[in-house]
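Listed below are the residues making up each chain.
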Amino acid sequence: MKLGDLFSFAFAGFSRRKGRTALTILGVTVGTLALMLIVSLGQGLRGQVTAVFSTGESLRQILVRPGNSRPDKSRREEEIEDIEKNVAGELQERLIRAVQRRRGGPRAYGMVRLQPERLEELSAIEHVERVDPIIIDQFEMSVEGFEPSLGTLMALGDAEARLAKRLVAGRAPDEDAQDEVVVHELWLYRLGLTDQDEQKSLVGSTLTLSSVREGGGGLASLIGLPDLSQLAEVSEEEREVVQRVIDRFRAQSDREEGDAVVSTESFRIVGIVGEPEEEDLAVFERSALAQADLFALPFVASKLYFRAELNRAVGFPGVLVVVDDPENAEAVVDAVEELGLQANYAGEILEEIQSFLTIVTLLVALFSLTALLVAALGIVNTLAMSVLERTKEIGILKALGARDKDLRRLFLLEGSMIGFGGFFVGWILAFLISLPIEAIGRSIFEQETGRELLSELFPFPWWLPASALLVAMLLGTLAAVWPARRAVRVDPVRALRYE
Amino acid sequence: MIRAHRLEKSYGRGDSRVVALGGVDLEVEAGEVIAIVGKSGSGKSTLVNLLGGLDRPDQGSLEVDGHDIAQLDRDGLARYRRQTVGLVFQSFNLVPTLDALSNVALPLVFEGVPKTERRKKARFLLDRVGLSQRADHLPSELSGGEQQRVALARAMVCDPRLLLADEPTGNLDSVTAEAVIELLLGSQEDGTARTLILVTHDDELAERASNRVVRLVDGRVAS
Numbered sequence: 001m002k003l004g005d006l007f008s009f010a011f012a013g014f015s016r017r018k019g020r021t022a023l024t025i026l027g028v029t030v031g032t033l034a035l036m037l038i039v040s041l042g043q044g045l046r047g048q049v050t051a052v053f054s055t056g057e058s059l060r061q062i063l064v065r066p067g068n069s070r071p072d073k074s075r076r077e078e079e080i081e082d083i084e085k086n087v088a089g090e091l092q093e094r095l096i097r098a099v100q101r102r103r104g105g106p107r108a109y110g111m112v113r114l115q116p117e118r119l120e121e122l123s124a125i126e127h128v129e130r131v132d133p134i135i136i137d138q139f140e141m142s143v144e145g146f147e148p149s150l151g152t153l154m155a156l157g158d159a160e161a162r163l164a165k166r167l168v169a170g171r172a173p174d175e176d177a178q179d180e181v182v183v184h185e186l187w188l189y190r191l192g193l194t195d196q197d198e199q200k201s202l203v204g205s206t207l208t209l210s211s212v213r214e215g216g217g218g219l220a221s222l223i224g225l226p227d228l229s230q231l232a233e234v235s236e237e238e239r240e241v242v243q244r245v246i247d248r249f250r251a252q253s254d255r256e257e258g259d260a261v262v263s264t265e266s267f268r269i270v271g272i273v274g275e276p277e278e279e280d281l282a283v284f285e286r287s288a289l290a291q292a293d294l295f296a297l298p299f300v301a302s303k304l305y306f307r308a309e310l311n312r313a314v315g316f317p318g319v320l321v322v323v324d325d326p327e328n329a330e331a332v333v334d335a336v337e338e339l340g341l342q343a344n345y346a347g348e349i350l351e352e353i354q355s356f357l358t359i360v361t362l363l364v365a366l367f368s369l370t371a372l373l374v375a376a377l378g379i380v381n382t383l384a385m386s387v388l389e390r391t392k393e394i395g396i397l398k399a400l401g402a403r404d405k406d407l408r409r410l411f412l413l414e415g416s417m418i419g420f421g422g423f424f425v426g427w428i429l430a431f432l433i434s435l436p437i438e439a440i441g442r443s444i445f446e447q448e449t450g451r452e453l454l455s456e457l458f459p460f461p462w463w464l465p466a467s468a469l470l471v472a473m474l475l476g477t478l479a480a481v482w483p484a485r486r487a488v489r490v491d492p493v494r495a496l497r498y499e
Numbered sequence: 001m002i003r004a005h006r007l008e009k010s011y012g013r014g015d016s017r018v019v020a021l022g023g024v025d026l027e028v029e030a031g032e033v034i035a036i037v038g039k040s041g042s043g044k045s046t047l048v049n050l051l052g053g054l055d056r057p058d059q060g061s062l063e064v065d066g067h068d069i070a071q072l073d074r075d076g077l078a079r080y081r082r083q084t085v086g087l088v089f090q091s092f093n094l095v096p097t098l099d100a101l102s103n104v105a106l107p108l109v110f111e112g113v114p115k116t117e118r119r120k121k122a123r124f125l126l127d128r129v130g131l132s133q134r135a136d137h138l139p140s141e142l143s144g145g146e147q148q149r150v151a152l153a154r155a156m157v158c159d160p161r162l163l164l165a166d167e168p169t170g171n172l173d174s175v176t177a178e179a180v181i182e183l184l185l186g187s188q189e190d191g192t193a194r195t196l197i198l199v200t201h202d203d204e205l206a207e208r209a210s211n212r213v214v215r216l217v218d219g220r221v222a223s
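Chains as they are written, first to last, in the numbering used here: chain A, 1 to 499; chain B, 1 to 223.
Everything labelled a hint here was simulated from the structure, so no lab data went into it.
Incorrect hints may have been included.
As the list claims (entries may be wrong) - Cross-link-like lysine to any residue pairs, in silico, SDA-like; alpha carbons within 25 angstroms at most:
1) A:18 / B:111
2) A:165 / A:175
3) A:405 / B:67
4) A:392 / B:213
5) A:392 / B:1
6) A:405 / B:39
7) A:2 / B:10
8) A:392 / B:143
9) A:392 / B:15
10) A:405 / B:71
11) A:392 / B:208
12) A:18 / B:138
13) B:121 / A:1
14) A:18 / A:482
15) A:392 / B:119
16) A:392 / B:40
17) A:392 / B:167
18) A:405 / B:112
19) A:392 / B:10
20) A:2 / B:112
21) A:392 / B:211
22) A:405 / B:18
23) A:2 / B:40
24) A:18 / A:473
25) B:120 / A:143
26) A:405 / B:70
27) A:2 / B:96
28) A:2 / B:97
29) B:115 / A:16
30) A:200 / A:116
31) A:2 / B:72
32) A:392 / B:11
33) A:405 / B:117
34) A:405 / B:115
35) B:121 / A:175
36) A:18 / B:136
37) B:39 / A:495
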């Protein structure tokens, strides 16, 4: 029996029981619709998360922070021996257990700080393209002819490439220039320059920066690091330095009833930048980039940063290690941790969120699969009824020479066609329903966050309808196995007597 | 053509077991026209079912045109029904959703014959039974006699070597029945050595239409 004939027979069968067939298809439609919407939404959320974590250099950046200590097993064993010698009884047991559980040993082993020489070690790691210290600090910024105002400085590595899209006037700082900076147009507006040409006229002007803060804490508010003065790992010696600096600043503040100016330095404004696009904001720099008024090359910003005594003592609060390829991030993270530093990268966070979303999507998709399974039972019922109603016809077909496989194929085809029908209608409905939900979702997201979604909420990549088609047709075909078997087993002698 | 030896067939089990055929011996030559007669329950239909490959014997052997029916598997039996035998039933057994032409062409579907070819052949046979004008009518739109003529055309569409007609006039009035019998006998006149087995309870018809009458009584050949 040829395929075309099988289709003709199947269609003829459906046309005889249109209502029942339509209801059965509707069951598959509901299941397919739910499955496609859920998987599509899951995919959309994954895409959104990926988009958020893939902006700018996100996947190539590793955020490195000072480490608690280098792992030093020999020091640990030494300490355990000391405890065994000096302490007795249950206290000895408890202390040894405590030492063994501490990864890096006691604080006395030393904290790994991010001093400039450490940055050289980081630069030497294979696949590391760039190491940018995170410097975000506030200064009093003044340009001749305008009232001084507070502004935030940010160190920016690879400035030429990264500022290229944002420049509205001038250029990025030269690689070797000691005194070049770029300012944000918003800061100029706040100075009182409301006209773009007026703003442009400031390119080439001198900008004076005065230190007004106690130093070191700028990053804390921006990337969530604890304030240095509250760090548990700060040694007594360091605490003294901190206290001394704080006391001095307080004394000055009291005297001048305002911000204490500890140093000033002059720079040349070489460019003006606008706000970056959402897709250019790297994850670890997002909040900093969104707040900075002033950009300088890392070595220029470092010089300013290390003017503060405390900063020289504790090093950089963090650095961004930029790798050549996201695939090498994990290996570089391992190498960084080997140095006793803490390291996080967006890819790791992204993977965790994506795994979570995948699990949630799969679990919810299981519910819609339940709907499809119920629909499959509907197919079984419809086709079993059909076999019963067509018993005589099946007998006639057998008497005329139909083979078992002809009848089996006929019913399996009917099952898969119901599956296909359900899929097709479900696909169209899923697409149509997704349109208003997408629009509402976008609107709510924009209202809540003030930002636009970076990707579609309901994407329909080719594999989604393809998989749904496969599932629906497979389910339809499997549901037809038992009715097909019953059709094959029809005894022609009895069937021909059947009325 | 047909060699049946000690054919046995029974239905049911234990106390409800009914012996339909109790050791039938039968030999039919190719091209022969025989009539099988007997009262209701004598085993006529059971014998037709066995000869038509719709059922298998419990005991004995049955060879038709070189096919050992008892030994054929399910596919083999289907092929036998398709290629060797043509069946005409008392209740016509047309597919109600197919028109006359499609009903006639139906056996060719299972042979994998292309649509145009099978429609051409079906049209030719409908013409032979005088129903070319009714080709696109559904069975429900045809009279009993017309339906049986369609069934006869369908039975002959695969050029079977054996034509089995089980009470073909049982549901027809005498005039229509006569016409159908004429067509059945006429089917012998196409040059093929087709064997025709006519099952009937009408002795007069059997005597008139066949070369030989085989009488079944209680599942055995009486004469």
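For each hint, the structure was consulted:
The hinted pair formed by residue 18 of chain A and residue 111 of chain B fails the criterion: a straight-line CA distance of about 29 angstroms is larger than 25 angstroms. Taking the CA atoms of residue 165 of chain A and residue 175 of chain A, the gap is about 18 angstroms. The hint holds against a cut of 25 angstroms. With a C-alpha separation of about 22 angstroms, the suggested pairing of residue 405 of chain A with residue 67 of chain B holds against the 25 angstroms cut-off. Restraint check for residue 392 of chain A and residue 213 of chain B: the C-alpha separation of about 31 angstroms exceeds 25 angstroms, so the hint is violated.
The suggested pairing of residue 392 of chain A with residue 1 of chain B is violated, with an alpha-carbon distance near 30 angstroms, which exceeds 25 angstroms. Proposed proximity of residue 405 of chain A and residue 39 of chain B is contradicted: the alpha carbons are some 38 angstroms apart, above 25 angstroms. For the proposed pair residue 2 of chain A and residue 10 of chain B, the alpha carbon gap of about 37 angstroms is over 25 angstroms, so the pair is violated. A threshold of 25 angstroms between alpha carbons decides the hint, and for residue 392 of chain A with residue 143 of chain B the separation of about 20 angstroms falls inside it, so the pair holds.
Under the criterion of a C-alpha separation no larger than 25 angstroms, the hint pairing residue 392 of chain A with residue 15 of chain B is inconsistent with the structure, at around 29 angstroms. Pair hint residue 405 of chain A plus residue 71 of chain B holds up; C-alpha atoms about 20 angstroms apart against a cutoff of 25 angstroms. Proposed proximity of residue 392 of chain A and residue 208 of chain B is contradicted: the alpha carbons are some 33 angstroms apart, above 25 angstroms. The straight-line distance between the Cα atoms of residue 18 of chain A and residue 138 of chain B is roughly 19 angstroms, inside the 25 angstroms bound, and the hint therefore holds.
The suggested pairing of residue 121 of chain B with residue 1 of chain A holds, with an alpha-carbon distance near 17 angstroms, which does not exceed 25 angstroms. The hinted pair formed by residue 18 of chain A and residue 482 of chain A meets the criterion: a straight-line CA distance of about 22 angstroms does not exceed 25 angstroms. This hinted pair checks out: residue 392 of chain A and residue 119 of chain B have alpha carbons roughly 24 angstroms apart, not beyond 25 angstroms. For the hint pairing residue 392 of chain A with residue 40 of chain B, the CA-to-CA distance comes to about 22 angstroms; that is within 25 angstroms, so the pair holds.
As the CA atoms of residue 392 of chain A and residue 167 of chain B are separated by approximately 19 angstroms, the hinted pair is consistent with the 25 angstroms bound. This hinted pair checks out: residue 405 of chain A and residue 112 of chain B have alpha carbons roughly 13 angstroms apart, not beyond 25 angstroms. Using a Cα cut-off of 25 angstroms, the hinted pair residue 392 of chain A and residue 10 of chain B holds, with the two alpha carbons roughly 23 angstroms apart. Annotation: proposed proximity of residue 2 of chain A to residue 112 of chain B holds, straight-line Cα distance about 6 angstroms (limit 25 angstroms).
Under the criterion of a C-alpha separation no larger than 25 angstroms, the hint pairing residue 392 of chain A with residue 211 of chain B is inconsistent with the structure, at around 34 angstroms. With a C-alpha separation of about 32 angstroms, the suggested pair residue 405 of chain A and residue 18 of chain B falls outside the 25 angstroms cut-off, and the hint is violated. The suggested pairing of residue 2 of chain A with residue 40 of chain B is violated, with an alpha-carbon distance near 41 angstroms, which exceeds 25 angstroms. Restraint check: the Cα-Cα separation between residue 18 of chain A and residue 473 of chain A comes to about 19 angstroms, which is no more than 25 angstroms; the hinted pair holds.
For the suggested pair residue 120 of chain B and residue 143 of chain A, the alpha carbons sit about 99 angstroms apart, so the restraint of at most 25 angstroms is broken. For the proposed pair residue 405 of chain A and residue 70 of chain B, the alpha carbon gap of about 21 angstroms is at most 25 angstroms, so the pair holds. For the hint linking residue 2 of chain A to residue 96 of chain B, the alpha-carbon distance of about 21 angstroms falls within 25 angstroms, and the restraint holds. Note on residue 2 of chain A and residue 97 of chain B: the hinted pairing holds, with a Cα-Cα distance of about 19 angstroms set against a maximum of 25 angstroms.
Only pairs whose Cα atoms come within 25 angstroms are accepted, and residue 115 of chain B paired with residue 16 of chain A is accepted, the gap being roughly 23 angstroms. Restraint check for residue 200 of chain A and residue 116 of chain A: not satisfied, since their Cα atoms lie roughly 35 angstroms apart, outside the 25 angstroms limit. In summary, the hint linking residue 2 of chain A to residue 72 of chain B is supported, as the alpha carbons are separated by about 24 angstroms, within the 25 angstroms threshold. With a CA separation close to 20 angstroms, the supplied pair residue 392 of chain A and residue 11 of chain B stays within the 25 angstroms bound.
Between the alpha carbons of residue 405 of chain A and residue 117 of chain B the distance comes to roughly 23 angstroms, so the proposed pair stays at or under 25 angstroms and holds. Between residue 405 of chain A and residue 115 of chain B the alpha-carbon distance is near 20 angstroms, which keeps this suggested pair within the 25 angstroms criterion. Taken as a hint, the residue 121 of chain B and residue 175 of chain A pair is broken in the structure, with Cα atoms around 91 angstroms apart against an allowance of 25 angstroms. Between residue 18 of chain A and residue 136 of chain B the CA atoms are separated by roughly 23 angstroms; this keeps the pair inside 25 angstroms, and the hint holds.
Only pairs whose Cα atoms come within 25 angstroms are accepted, and residue 39 of chain B paired with residue 495 of chain A is accepted, the gap being roughly 23 angstroms.
The structure fails hints 1, 4, 5, 6, 7, 9, 11, 21, 22, 23, 25, 30 and 35 (numbered hints given earlier, in ascending order).
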